[in-house]
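In order, the protein sequences belong to chains A and B.
Following the working numbering, the numbering of the first sequence begins with 106 at its first residue and continues without gaps.
Following the working numbering, the numbering of the second sequence begins with 7 at its first residue and continues without gaps.
Calculated from the structure, these hints are not laboratory results.
Check each hint, because a few of them may be wrong.
[Stated by the list, open to error] Restricting the straight-line Cα-Cα distance to at most 25 angstroms, the calculated cross-link-like pairs of lysine to any residue (SDA-like) are:
1) A/K279 - B/S24
2) A/K155 - B/A105
3) A/K214 - B/A31
4) A/K155 - B/S113
5) B/K18 - A/K214
6) B/K18 - B/T35
7) A/K186 - B/A105
8) A/K279 - B/E13
9) B/K18 - A/S131
10) A/K214 - A/K191
11) A/K186 - B/R52
12) A/K155 - B/E13
13) A/K191 - B/S24
14) A/K186 - A/A241
15) A/K279 - A/A241
Quantities reported herein were computed from a predicted structural model and do not represent experimental measurements.
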Amino acid sequence: MVRIFYLAEHVKLRGVTVDPPNDPRSDQDLVAAANGGDPSAFDALYHRHKAWVLSLATRFTGDADQALDVLQETFIYLLSKFPGFKLTSRLSTFLYPAVKNISIAVRRKSAKFGGGQQPFDTLPAPVAARQNELVAIVSGLPETHREVVLMRFVDGLSLEEIGVALGIPLGTVKSRLHNALATLREDPRVQRFFEP
Amino acid sequence: MTDQNDEFDFPKLGDALSAAYTHHAAIPTSVDDAMRAAATERFAQRRRMRLMARWGAGLAAGIAAAIVIMVSLHRPAPVAPLARGFDQQLTMIDALTLAKHLAAKESIDKSWDMNGDGVIDQKDVDAVATISVSLKPRVLGQHSLPTLQQLGIAHPVGLASASGMPAKPNTVSLAKSADKTEVPQ
């Protein structure tokens, strides 16, 4: 704790940004501390989840600059929940719909000025992996199926967490995932990924 | 990880998808600084609000205490003991005054305990009212009006005319006098 305060003061005095060390407290503890008015707890939450949020935002927007906007908007939204924020499951399940909705809003706003044609409620293809065969196949899945596949295998969310994040029953999550994997298994190009 | 999650656990697929979809873009320090500044401002604002609420509560408590003290200091004095007017007679006004003080639950002087039961209540108001309309000399007191005899007036002269009744001895009948009038031939 002393070290965190020292670093916070150091950052404040020197005017440089240094990521704080990994806070040993859990997300639940950090949320509780932030509810009590501890800014360093929120800072720790930000540094713990910012990379995942940025990656998710990039996946949703397909644009690095827009992803940065989404990152800031998402954590401003989280900040607005304090005090009184109740974390009932993993923070990822709270952040996921926020990132998704903010991404849609940012893309819509961007298209308003830039004249984009892509529908806002669909995920764009990954920027850095458009040539990837697996990505091409996954992109061919229905939107709802693709989303649960990515949440499960990229974001590492459990089935229950996917259900909470999307606001759908567990049975629906399992059904979508089962159908998506069955479709992928039928493709000989990706069958090797299912081998043990 | 539960069993149902294991059912959908394919490490190779997960690694391949993570490699394809995970973006490792650098976050500019300006973004981190902006977030830190926003958080600091937000929590400082909350601290200020909490401090203001605490001060406000203290101020409100102080005002409330001052009001209580002022009210207790300006509580009406007990009713003056039997303010019976210049002739020391109880009147209906006294009964009304006592009733008003009782209704306002104000402290009342013990001298208003007319029936002597130790409690000043509606019975005492009734007693004052009864006394005020009583014709008994002892109740009316010593300062009742003097009688005509005490004033030396034996006969009620002029009382009849004053009351509007014609006094017989002084009555002049105009008809009779008209009959007696002789008309010159």
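Do the hints match the structure? See the list:
1. Straight-line distance between C-alpha atoms of A/K279 and B/S24 comes to about 20 angstroms, which keeps the hinted pair within the 25 angstroms bound.
2. Between the alpha carbons of A/K155 and B/A105 the distance comes to roughly 77 angstroms, so the proposed pair goes past 25 angstroms and is violated.
3. For a cut-off of 25 angstroms, the pair hint linking A/K214 to B/A31 stands: about 22 angstroms separates their Cα positions.
4. This hinted pair does not check out: A/K155 and B/S113 have alpha carbons roughly 72 angstroms apart, beyond 25 angstroms.
5. For a cut-off of 25 angstroms, the pair hint linking B/K18 to A/K214 is broken: about 38 angstroms separates their Cα positions.
6. As the CA atoms of B/K18 and B/T35 are separated by approximately 35 angstroms, the hinted pair breaks the 25 angstroms bound.
7. Proximity of A/K186 to B/A105 is assessed by CA-CA distance (about 61 angstroms); at most 25 angstroms being required, the pair is judged violated.
8. At most 25 angstroms may separate the alpha-carbon atoms for a hinted pair to count; A/K279 and B/E13 meet this at roughly 10 angstroms.
9. Taking the CA atoms of B/K18 and A/S131, the gap is about 29 angstroms. The hint is violated against a cut of 25 angstroms.
10. Between the alpha carbons of A/K214 and A/K191 the distance comes to roughly 30 angstroms, so the proposed pair goes past 25 angstroms and is violated.
11. Of the supplied pair hints, the one linking A/K186 and B/R52 holds, its CA atoms being roughly 12 angstroms apart against a limit of 25 angstroms.
12. Distance hint between A/K155 and B/E13 is unfulfilled; the C-alpha atoms sit about 30 angstroms from each other, more than 25 angstroms.
13. At roughly 30 angstroms between alpha-carbon atoms, A/K191 and B/S24 are farther apart than 25 angstroms, so this suggested pair is violated.
14. A threshold of 25 angstroms between alpha carbons decides the hint, and for A/K186 with A/A241 the separation of about 38 angstroms lies outside it, so the pair is violated.
15. Using a Cα cut-off of 25 angstroms, the hinted pair A/K279 and A/A241 holds, with the two alpha carbons roughly 23 angstroms apart.
The earlier numbered hints that this structure contradicts are 2, 4, 5, 6, 7, 9, 10, 12, 13 and 14.
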